[in-house]
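Student: First to last, the sequence lines map onto chains A, B and C.
The opening residue of the first sequence carries number 1 in UniProt numbering; numbering runs sequentially from there.
The opening residue of the second sequence carries number 1 in UniProt numbering; numbering runs sequentially from there.
The opening residue of the third sequence carries number 1 in UniProt numbering; numbering runs sequentially from there.
Take every hint as true, because none was put in to throw you off.
Chain C is faced by these chain A residues, among others (derived, beta-carbon under 8 Å):
| hint | residue |
| --- | --- |
| 1 | Asp156 |
| 2 | Ser162 |
| 3 | Pro329 |
Calculated from the structure, these hints are not laboratory results.
All figures in this text were calculated on a predicted structure; none of them were measured in a lab.
Using N, Cα and C, we set each Cβ at its ideal position, and we do this for glycine too.
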Amino acid sequence: MADPEFILNAWHVGALSHEVEAEALFPRRLLDRPVLFYRRERDGTPVAMLDRCPHRFAFLSKGRRSGDDIECIYHGLRFGPDGRCTRSPYQDSPPPGAAVEIFPVVERHRMIWIWMGDPAQADPATIPDHSHMDREDMRPLLWHVQFAGNWQLGNDNLMELSHLFWLHTSSIGGWKPDAGATPGEVYSARSADGKVFSRTLVPDITRPGVFDNNIPAGQAYDQWTATVWEAPANMRVTMGAVPAGDDPASLRQPYMEQTHCITPETAGSSHYFSGFTRTFELDRDAEGDRRFVEFFRGIFEREDGPMMEDIELQMASHDLFAHHPLVLPRDRGAVLARRMVAQRLAGEQAARGNAQPEPALAG
Amino acid sequence: MADPEFILNAWHVGALSHEVEAEALFPRRLLDRPVLFYRRERDGTPVAMLDRCPHRFAFLSKGRRSGDDIECIYHGLRFGPDGRCTRSPYQDSPPPGAAVEIFPVVERHRMIWIWMGDPAQADPATIPDHSHMDREDMRPLLWHVQFAGNWQLGNDNLMELSHLFWLHTSSIGGWKPDAGATPGEVYSARSADGKVFSRTLVPDITRPGVFDNNIPAGQAYDQWTATVWEAPANMRVTMGAVPAGDDPASLRQPYMEQTHCITPETAGSSHYFSGFTRTFELDRDAEGDRRFVEFFRGIFEREDGPMMEDIELQMASHDLFAHHPLVLPRDRGAVLARRMVAQRLAGEQAARGNAQPEPALAG
Amino acid sequence: MADPEFILNAWHVGALSHEVEAEALFPRRLLDRPVLFYRRERDGTPVAMLDRCPHRFAFLSKGRRSGDDIECIYHGLRFGPDGRCTRSPYQDSPPPGAAVEIFPVVERHRMIWIWMGDPAQADPATIPDHSHMDREDMRPLLWHVQFAGNWQLGNDNLMELSHLFWLHTSSIGGWKPDAGATPGEVYSARSADGKVFSRTLVPDITRPGVFDNNIPAGQAYDQWTATVWEAPANMRVTMGAVPAGDDPASLRQPYMEQTHCITPETAGSSHYFSGFTRTFELDRDAEGDRRFVEFFRGIFEREDGPMMEDIELQMASHDLFAHHPLVLPRDRGAVLARRMVAQRLAGEQAARGNAQPEPALAG
Ligand code: FES
Ligand code: FES
Ligand code: FES
Chain A
1 MADPEFILNA WHVGALSHEV EAEALFPRRL LDRPVLFYRR ERDGTPVAML DRCPHRFAFL
61 SKGRRSGDDI ECIYHGLRFG PDGRCTRSPY QDSPPPGAAV EIFPVVERHR MIWIWMGDPA
121 QADPATIPDH SHMDREDMRP LLWHVQFAGN WQLGNDNLME LSHLFWLHTS SIGGWKPDAG
181 ATPGEVYSAR SADGKVFSRT LVPDITRPGV FDNNIPAGQA YDQWTATVWE APANMRVTMG
241 AVPAGDDPAS LRQPYMEQTH CITPETAGSS HYFSGFTRTF ELDRDAEGDR RFVEFFRGIF
301 EREDGPMMED IELQMASHDL FAHHPLVLPR DRGAVLARRM VAQRLAGEQA ARGNAQPEPA
361 LAG
Chain B
1 MADPEFILNA WHVGALSHEV EAEALFPRRL LDRPVLFYRR ERDGTPVAML DRCPHRFAFL
61 SKGRRSGDDI ECIYHGLRFG PDGRCTRSPY QDSPPPGAAV EIFPVVERHR MIWIWMGDPA
121 QADPATIPDH SHMDREDMRP LLWHVQFAGN WQLGNDNLME LSHLFWLHTS SIGGWKPDAG
181 ATPGEVYSAR SADGKVFSRT LVPDITRPGV FDNNIPAGQA YDQWTATVWE APANMRVTMG
241 AVPAGDDPAS LRQPYMEQTH CITPETAGSS HYFSGFTRTF ELDRDAEGDR RFVEFFRGIF
301 EREDGPMMED IELQMASHDL FAHHPLVLPR DRGAVLARRM VAQRLAGEQA ARGNAQPEPA
361 LAG
Chain C
1 MADPEFILNA WHVGALSHEV EAEALFPRRL LDRPVLFYRR ERDGTPVAML DRCPHRFAFL
61 SKGRRSGDDI ECIYHGLRFG PDGRCTRSPY QDSPPPGAAV EIFPVVERHR MIWIWMGDPA
121 QADPATIPDH SHMDREDMRP LLWHVQFAGN WQLGNDNLME LSHLFWLHTS SIGGWKPDAG
181 ATPGEVYSAR SADGKVFSRT LVPDITRPGV FDNNIPAGQA YDQWTATVWE APANMRVTMG
241 AVPAGDDPAS LRQPYMEQTH CITPETAGSS HYFSGFTRTF ELDRDAEGDR RFVEFFRGIF
301 EREDGPMMED IELQMASHDL FAHHPLVLPR DRGAVLARRM VAQRLAGEQA ARGNAQPEPA
361 LAG
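Turn these sequences into a full structure, and let the hints steer you where they fit.
Tutor: Following this line, the structure appears as structure tokens:
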């Protein structure tokens, strides 16, 4: 049996709230299984259903809604939001036990979270905190992109923010004449309570013109960044700035809070849900906000995405440590996250070892 | 060794008669091997040759004809319709034993049937009966399409004609307001003599405007459909209609007789040879007939083909039963066919077990 | 472990001299590993470096030059032409031992030769002789093409030049009315000193208008071709012509000397470096020479390349002999080369058997 690639017993972001419209059947591949999302008519609460009819495996997302039931396009079986078959044509009642798999879902922080492991363990209290996304006054923005690489490359990328000064030199990272010479930088990373906390202080930066950070243009500042990571791939990144040389403790409010959640599509491709809230330029209209999203999406699509796709090509397996990578001081946060993921994967594999074998149907 | 995917000792349709023109070298991949079809000059009888030169494996179909011999384009070897090498440049006579594999072929019912298993077992008497295709007066029409799915999905699709009322709702199946409520429908399926016979009576249908069935437009009718299936994937479907409520036995003549033959291209892609004869609209000209073909080909390409390709994606293996599908009453015919195929595949595998190993050359 | 596909302890052509420009970072996949070529600032001597940063595996070829160092685009590590890490940001000095793999290279005969096996065995004296490419007065021309087939198909193709009369009938080979009847042709092949020498005399040819061979147009001539092959896939082909019937010994000078070197890109795709020097039409200008290159490149791309790609499709493994091919008299040279390659591959595999296992990182 191959090494497991996915953490099953965890909440993953399946979709952003705005992606699943009221009437729609919204299909998405997650953890290499096909999932159908839709919303109940009465109250709009989301449903997540295996996107495969148990009869002959048509995609249910290509079927039709009949109220809150989904009717398969191939031979007309209907399934309700609890997964049970509600009508089988040519029979007085559906075959006993006929059902499609349903996944627990919770809509929270403008995202739809899905649990694809053992449903008995699905506790909404363990959904990572992205409550800043509930702050209307901070203008929450969220978007979805994809990359053709393993989901853990997203952790690696975001837990090693020093790449801002190289990969993003020409976009959001062009702040220092020679980033390699970095007197005064402070970096720390530690793990606790199943989380990784990392912190960077970069002193004496000159701001690019991209976005405001509450420091007047042209004035040097000290930038600090704090990241909280939770498995499988949830990150909250808080960014603050004070005039160069000021006591960081004098900061009253970070200027930006970012959300980064990555969900495997397959072992070699990923969904990336990204966004932020802010304290600056709050008077932008919807079109102005849209331009923010396009700007950041563009950076990802030109810089981070291709980089992760390159690395996917370069790695024969997805186990970083098997490749004996060079380890640098700034890798500490990324390495702590990699280790926690490895532990979770091994733990789930051991637990499955005592349970029934996997079903023959891969989907 | 992987499970066998193809029944070798059987007649498969390799090509439609009209596809192989008098002068042409016609290549087609069948059962995952390259085959070259061509016609002898004298009487046009077809030849089927492995489409690979035994020297350095060029496709012979890219060569040239020299009478009934095929000359390889790469270094000029020539092979006759019996497979034997007839000339080797730079030698007085061809190397003893030099030959390319020849497959038994029979042209019958406007199709060229090929036998790719043990030639000693190739008995033309076992070619399935599609003799209605010989009836010029019934305007035989045949065409070829392909789908990116395992050939057995074609059996599943055609042996479960209830899909007419869902998948084909907007084309040929839009006949009933709620197909799921079906009082009076009668369905039966049984196997005998290595065949599966299924029969459906659907009462009180209103005809779509697509084609005539000898019932006046606007008049309700009872439709019956009888299917005869033979391994590997040959079906003859007879369709008849009587005014609603009449005794089916009063039917003097079915209005349509369909031919459906599926031949594997590879394990995951298939050739589908389809056609019909009819008793209606016999005065159509060639252009009118061409429109019939385009209409049915279009339905396949928009509806059945994509469905089978979806299911191919959804199935990790081609063994339906390993996926524990939901089984419905209307599946009886399809399940009987699946079982017969499984038996044939297992039988051939067992027979090979006692024989020599497979050659190193896959093609 | 799969059969080895590449001879590691050998000089392969990695690039043509003109492909690697002074300032450029030139990436190329060779023997299924990513290689970065560039030139030192001071004297332009070439460097070949594994094109993968040892930190998180970014392609170094996407980085930046800093003098003769390469700076990784992802997190800024720098590596010198000896492979050693020269700067790690956020550290006073690079981690001890941090380095990227460097491959021995030699620039000779207008090509950059690379050694990807054990560096201790890399002896420039064993680079095959293509010194005719150093003769400015013979107007050396070299170009690069690729084909989607195993590299040994290039040996097979070029060691069996009889294909000129079939595959190239409509381009450079259209010389004889019926090439299959060949009175007077003489062919021989023998191996010695790890080389294969083959020789063909084709009498009484009429020249196509393509290029001059020092025989007046319209006059029949006898053509002789001598090939020297060296592993892995280096060939030098000398072509001469005398008026038909003359003593071949009367030839004062061959009219053309060809270079053919093939280097694996992956097991199923290859780089082909090809070129020639000549004694005719020496007064062509650069544009005239460019048209020569385009002409030969075009023949390859329409005729030889597709043929090798066909054969790649037809062969389940790359071991020709496992397919029990028909062997013809003219195959002698190709078969001798195949055998020498098989011996070298087996020898290297045996040597590795006693050494450490392959690293986990495939690249
Ligand atoms: S596949 Fe869904 S009803 Fe048959
Ligand atoms: S490959 Fe056919 S003659 Fe050589
Ligand atoms: S991948 Fe090159 S420095 Fe990190």
